[in-house]
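Visitor: Note that the protein sequences, when read in sequence, are chains A and B. Quick note, the numbering used here runs 75 ahead of the 1-based positions in the first sequence. Quick note, the numbering used here runs 112 ahead of the 1-based positions in the second sequence.
Don't take every hint at face value.
[To be verified] What follows is a list of derived Cβ distance ranges for each label pair: (1) B:195 - A:269: 39 to 49 Å; (2) A:113 - B:177: 39 to 49 Å; (3) A:473 - B:176: 48 to 58 Å; (4) A:405 - B:151: 28 to 38 Å; (5) B:195 - A:417: 48 to 58 Å; (6) B:178 - A:531: 45 to 55 Å; (7) B:115 - A:282: 50 to 60 Å.
[To be verified] Now the stretches of chain B that chain A is said to cover, found in silico as 3 or more residues with beta-carbon under 8 Å: (8) 116-126; (9) 155-165; (10) 177-183.
Treat the hints as calculated values from the structure; they're not laboratory data. Computed from a predicted structure; not experimentally measured. We treat Cβ as the ideally placed atom computed from N, Cα and C, and that holds for glycine.
If you want the building blocks of each chain, they are given just below.
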Amino acid sequence: MNIRTFDVAVIGGGPAGLSAATAARRCGASVILIDAFEQGGGQYCMQPLAFGKPSAQAHLGQRLIAEAELHGVEALYGHEVIAAYPGFRLLTMDGTGGAAVAARAIVAATGAHDRVAAFPGWTLPGVMTAGAGQRLAKVHGVLPGARIVLAGSGIFLWAVALSLLERGAVITALVEARRPQAAMFGHLAAYPERWAEAWTLFRAVSRNVPRIVWGQLVAAAGGTAHVDKVSIRPVGGGPAETIVGIDALLVGHGFQPNIDVTSLLDCRHAFDESLGGWHATADADGRTSVPGVYGAGEVTGVSGARPALLSGEIAGLCAARDLGYRVPGGGGRLALLRWRLRRARRFGRGLGRIFAPLPELADVPDNETILCRCEEVSRAEILAACRDGARHMHTLKTWTRAGMGHCQGRMCRMSIAACATAALGLEGRELGYNKARVPLRPVNLERLLAVLDAEEESRT
Amino acid sequence: MTEPIELSINGRYHSVPAGISVAAALRLATPALPLRVSHRGREPRGVFCGMGVCFDCLIVVDGMKDVRSCMTAVRPGMRIETAPT
């Protein structure tokens, strides 16, 4: 296997990564883009399969993908980065093999995934993230269920409801943990350019979803081999109500940054639940704490699609400039982009604060509830570890195995943090996060050895 | 609309749209069937994150274990097994 060398390697092909790749390329840098999916677009601009009907976001994605290709960005689609070393060297794997990439600069545009909170029954088939339901429908043209409930918090639930309704879904209820607040309307009022979008969303969902419930959380999901009911309860306390006859429960509380690559490269991270939790810190030019590593998009703090596009472009331009390339438009262009980014972030980050997870999410009544899905670690085991003296995520991990499994702590992060910080009287920041390790994804050992052998051969 | 393709799920043949994910195909063909059972508690599991990061949706494809159904496209003649781990 040959090591392919580039000026800039962009990890993640969503709005931020595509923008960064094109921007760096336009400065004259050689650029490679690496993305786990067969088609670019990431989550926000996910591309439908050939027979699908593209959404507005998909059209944006098509434009970004085409622009990157037009400008000569090399792309490794269907590849996941499994290792990253200073200098920089990346090892990727795909379905059949892998690739080795050397780059002078890295743009980490690794995005985010749905942020989830545990509840009894959340591991049942048919219980999935809102994003999973959206992807099944938008990309594959398949509805996640015949009778769907959406529950959690944040505007994304409404966006997913719209995607599903547009494809003929029957949605029984949408359950939002927050109550309507003046702040929600006040925030929207300050951004007239969003009114049309908000109105479309509100009208379609309220007309076609018979129950929109505010101020309630999922108490439990029930079913034998598949979910068939969900009970919800008021946030402040009160009797639970059961919604029966469902076959899909889509859950989520906004998004959580995917910090595996930035963590592996020793970047500094900060904690803010309104930004999705732990995120890579980056300056106005996208520079992380590690020279040569830039952050773009949701990984630097969940802020939405427009900030992703802008921060991606900025990071791409600055990565190229720091390597000695000239930015077309120079300092003026960058200053304008930074200004636009600051404004764009205010909208998304404001939403993140308004819909920040409620502390009541930590109140899981049943201590037998599995918090770590991968290693099947219960809430009781986490609490026992806290009582035994654990005060950091790493200790919880080594004592209980929570976070050691396939997903490396992504799905359980918020639940364990909520449980442990409440039990210990700590802040989320103090609990810390687990450093990423190689390989960044579980890989087939035989295949990994083959990839490593090939990479070793090419270096000798 | 693309031509449907044939694949087998636990030995039974099904017709599904070409190019969709195995997860989507299972949702169409065998919606009530769990994808696997968990290691410790032997509890049924299915698709959770849908984007390749949770590793809950693992099935056996053409004899290869631990394949993420949400990240794998169907192929004609594919042998899918929803196996207990």
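Visitor: Count the residues of the stretch 155-165 of chain B whose Cβ falls closer than 8 Å to any Cβ of chain A, and tell me whether that reaches three.
Guide: holds (count 11)
Visitor: So does residue 473 of chain A sit 48 to 58 Å from residue 176 of chain B, Cβ to Cβ?
Guide: Since residue 473 of chain A and residue 176 of chain B have Cβ atoms about 31 Å apart, the given range 48 to 58 Å is violated.
Visitor: Does the hinted range 45 to 55 Å hold for residue 178 of chain B and residue 531 of chain A at CB?
Guide: With Cβ atoms ~25 Å apart, the hint is violated.
Visitor: With 28 to 38 Å as the target window, see if residue 405 of chain A and residue 151 of chain B comply at their CB atoms.
Guide: 57 Å, violated
Visitor: Taking a Cβ-Cβ distance under 8 Å as contact, does the stretch 177-183 of chain B have three or more residues in contact with chain A?
Guide: holds (count 3)
Visitor: State, for the Cβ atoms of residue 113 of chain A and residue 177 of chain B, whether the hinted interval 39 to 49 Å holds or is violated.
Guide: At 22 Å between Cβs, range violated.
Visitor: At the C-beta level, are residue 195 of chain B and residue 269 of chain A separated by a distance inside 39 to 49 Å?
Guide: 47 Å, holds
Visitor: Okay, the stretch 116-126 of chain B and chain A, do three or more residues pass the C-beta test at under 8 Å?
Guide: Not satisfied, violated; 0 residues make the cut.
Visitor: Could one say that the CB atoms of residue 195 of chain B and residue 417 of chain A fall in the range 48 to 58 Å?
Guide: Given a distance of about 52 Å, which is inside 48 to 58 Å, the answer is holds.
Visitor: Mind checking the hinted window 50 to 60 Å against the Cβ distance between residue 115 of chain B and residue 282 of chain A?
Guide: Roughly 36 Å apart at Cβ, these two residues miss the hinted range, so it is violated.
Hints 2, 3, 4, 6, 7 and 8 from the list above are not met by this structure, while the remaining hints are.
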